[in-house]
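**Q** Here's the letter readout for the chains.
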Amino acid sequence: MLSTRFIGWLRRYEKWFGIAAVILMVIGLYTGLVTSSADYYQGEVVRIMYVHVPFAQTAMFAYSTLFFCSIWYLWKRDPIVDNAAHAAAGIALFFTAGGLLTGSIWGKPTWNTWWTWDPRLTSFAILFLTLVGYLMLRTFLDDKEKRATFGAILAIIGFIDLPIVHFSVEWWRSLHQPLSVSTRGVSIAADMALPLSLMSIGFTLLFTYMLMVRTQMLYLEYLLEAKQGRLMSEERL
Amino acid sequence: MQFFSVIRWIAWKDLLSEYRNRENISSMFFFAINVILIFSFSFSLDPETIKEIMPGIIWVAFGFTAIIGLGKSFLVEVNNDCMEYFQMLPIPKGAIYLGKFLGNFLFMLSVEIVLFPLFVLFFNLDILDQFLKLLLISTVATIGLSALGTLFSALTVQIRAREVMFPILLLPLSVPIFIGAVEATRGILSGDAFALYRHWIELLVVFDVIFVVVSFWIFEFILDY
Amino acid sequence: MATAIRGIELSKSFQHFQVLQSVSIEIASGECYALFGPNGAGKTTLLRIFATLHRPSAGRFEIMGFDGNRERAKIRAAIFLIGHGSYLYDDLSVKENIQFAIGIRGWNPTDLEIKKALDQVGIGRFSKLRSRYLSAGMKKRLSIAKALLVRPKVLIMDEAYAALDELGVAMVNEFIRNFTKEGGTVLMSSHDRAKTAEVAHRVGVLNRSVLNEMSVEEMSAADAIF
Amino acid sequence: MRSVCEIGLKYRILPEGDPLKGLYLRWAVLLSLFGVIGLLGWGRYNREVRAQEPKALLKISSGSDLRVIGRIEGGSLVRGSEGKPFEFTLSGEGEQVSVNFMGEDQDTLRELKTIVVIGSWDGENRHFKAKEIALIPNYDFITWAYLTSLIPLAFFIFRMERKVALLYIMIKEEKAYQRENLS
Chain D
1 MLSTRFIGWL RRYEKWFGIA AVILMVIGLY TGLVTSSADY YQGEVVRIMY
51 VHVPFAQTAM FAYSTLFFCS IWYLWKRDPI VDNAAHAAAG IALFFTAGGL
101 LTGSIWGKPT WNTWWTWDPR LTSFAILFLT LVGYLMLRTF LDDKEKRATF
151 GAILAIIGFI DLPIVHFSVE WWRSLHQPLS VSTRGVSIAA DMALPLSLMS
201 IGFTLLFTYM LMVRTQMLYL EYLLEAKQGR LMSEERL
Chain U
1 MQFFSVIRWI AWKDLLSEYR NRENISSMFF FAINVILIFS FSFSLDPETI
51 KEIMPGIIWV AFGFTAIIGL GKSFLVEVNN DCMEYFQMLP IPKGAIYLGK
101 FLGNFLFMLS VEIVLFPLFV LFFNLDILDQ FLKLLLISTV ATIGLSALGT
151 LFSALTVQIR AREVMFPILL LPLSVPIFIG AVEATRGILS GDAFALYRHW
201 IELLVVFDVI FVVVSFWIFE FILDY
Chain X
1 MATAIRGIEL SKSFQHFQVL QSVSIEIASG ECYALFGPNG AGKTTLLRIF
51 ATLHRPSAGR FEIMGFDGNR ERAKIRAAIF LIGHGSYLYD DLSVKENIQF
101 AIGIRGWNPT DLEIKKALDQ VGIGRFSKLR SRYLSAGMKK RLSIAKALLV
151 RPKVLIMDEA YAALDELGVA MVNEFIRNFT KEGGTVLMSS HDRAKTAEVA
201 HRVGVLNRSV LNEMSVEEMS AADAIF
Chain B
1 MRSVCEIGLK YRILPEGDPL KGLYLRWAVL LSLFGVIGLL GWGRYNREVR
51 AQEPKALLKI SSGSDLRVIG RIEGGSLVRG SEGKPFEFTL SGEGEQVSVN
101 FMGEDQDTLR ELKTIVVIGS WDGENRHFKA KEIALIPNYD FITWAYLTSL
151 IPLAFFIFRM ERKVALLYIM IKEEKAYQRE NLS
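Protein chains in written order, with our numbering: chain D, 1 to 237; chain U, 1 to 225; chain X, 1 to 226; chain B, 1 to 183.
One chain only, chain D, in its complex shape (with noise of 0.2 angstroms):
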């Protein structure tokens, strides 16, 4: 069982992560958004990738998390695996959030279109509604045990169905739309591919920074609750 020294142990090594996130999303950003190359089709507005994909990947290595927490949930029970899995939980939606914000502005100026029902856009909204919706069922739930046990099954379900969807997608619009807006990634140039790759390696960084501190930061939420409770339980003795 993980316990307290693992709280103890994310304070103490949670700064490195941080710093080297900021070190290699600080280079990232200075190559890419001022040394690297424009994209031949694309021009300028390339260097949306440099933030667009590090946060849909971070998105789906958060919702990874989740789903690998909400399993070891319910195999171990044991609650600071749940306080992990609530905190990639929010994480997750935040970056579903961005990655959708992004994308969206990058579609405009690449495909002319704010939106398009392509199989990764559309799960990546099936995504947000399932965090919102996991998140929502988490707050509407009173018992600590029941929270996370059916907010881990809320995961597991919504992992398995993201690529059902993905995949049901991809043959919808293969039948609907005619493929001529590609959104396949545009090909990487070697100028292009340092600055991905740091802010790619940074944000997963990042995001291990992140779910450190926002795991502390719900169990300490809980542990503060509990302390609160015993005076509580105590001032009956």
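FYI, nobody ran anything at the bench for these hints, they're computed from the structure. Take the hints with a grain of salt, since some may be wrong.
So the derived label-pair ranges between C-beta atoms look like this [stated by the list, open to error]:
#1 Leu118(U) to Ile151(B): 45 to 55 angstroms
#2 Arg44(B) to Asp46(U): 56 to 66 angstroms
#3 Glu52(U) to Ala189(D): 39 to 49 angstroms
#4 Leu135(U) to Thr139(D): 37 to 47 angstroms
#5 Trp107(X) to Arg22(U): 42 to 52 angstroms
#6 Ala56(B) to Asn112(D): 22 to 32 angstroms
#7 Arg22(U) to Ala170(X): 37 to 47 angstroms
#8 Val114(U) to Ala154(B): 55 to 65 angstroms
#9 Ala222(X) to Ser27(U): 37 to 47 angstroms
Ideal Cβ placement from N, Cα and C applies to all residues, glycine included.
Starting from the known structure of chain D, fit chains U, X and B onto it as the hints suggest.
**A** Showing chains U, X and B alone in chain D's frame:
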């Protein structure tokens, strides 16, 4: 064989209660009729347009039916704390899920079968010769919908804001079912060859298998959190 | 005598509110143990932990030698809870409700057995009535009829005499006496000292999440037990 | 299974000093760091991406490596082939300049399209010799994408860290870690 007897007992109980009070089926049925009526007033009824929008109308009506019917399916278990009784039973909990799923599936399917003639009536559709194919698609789509709906009904029935949470959870995750069902229905109504929409039915079957199995496995945690 | 129920340092908190604090309890087979305590003392919570409805926040328990965290299915096969919930379906008749509740446990009693059990708890003539029309006392009797048919090794009764009339109380006491004589264990909570004294072998007072044990004589002699 | 609280007592994880002060200091450094990158990006935009209108071009006598934005006038485009340059008139804000371009045919080179030409300007002949053609610089999309993603991200993390710091302070004040409350 206790496993199958549990499924049988649960389905027996649900069907008998439903036969006695008819709450669920009648509310599903009349709700769906209202949806059909509103649609028939809001669209012009020339035959070409109807063919284009009909699959959507059919599955919107069935979707609402699912929200009304499946959402309430675990209410009867909560009313007299029967969920607790299930929790204390020394039996595999997945069997309880399958029993509830079976009942829900039968309710949904029977409502859908009754509704098809009404579509013919209100929209002048000529689907009677395709009825068996429509039935096949309804069956595979309804299995998936009931599998997810039964699970989410058990998940949301004990919480505040149950009526809101159930569709919020069910609808996004059942997007593949609706896409598959609408496309296959469209294929039938426009008289396409079976091979042209067969892959949608296969998709629905895959979805059904995955979600029945996963829900069956995961249901234990809902009862025994 | 073998130990039927053993709770070791059980604690439970709801929403950070500690209901039970390190409660240890040991009940032998064939014993009837009665829990007393003011409202909100944690009696129901303790019973529900033993009925595997709640997981303890800390501590562990065993029932018939089975571990409370790992062997819950085996515990569930051995226990039966008569609690606040009636576990009835409003649109099924009394008899159908019993058929369902027992049948789903894997045993189909004959009509005769059901009739006998219903007669024993005094609601035989209502067997065709839909359970939505039953009164609280009749629902309680129906639960006892289920217990008669299930024949568990451990019977857990929350508020054993609640909603029952005098005949019902006598019937319950008679039932408990027979049940313990045959080796069954009863863990019950109650508010009626006089009636409990007729059947209980030992008594525990749960007050402010702490358990104090005493004998039946001590309880009957005391002016107030909490 | 021991309660989380109980374990919390065993491992002292409370921070030393005032966690809020360190937080604000850290964020001041971070914001200035990212501000510098923003400024560098802005500088690069002015240097390499921003394009002039033809009107501004007419005011200078000559120059090379200039970037001019404008619309290709309808009917003015003469397509070049083997060795012959493309010729067209670029217009914007009522002024026009004639442009020739040596290079390959491109999708963007069509009448009534807005493009950016890069090359040298001959003020006396009012003639622009383009060596490269670029897309319209839509830097506002890029700016929006970065601002709408990174600013909320910073805000999100800042609030999280601040909450953690505050929680540590509150727990310290509540003395949640002292043994005396546990029997």
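**Q** Can you list which hints this structure breaks, lowest number first?
**A** Numbers 5 and 9, in rising order.
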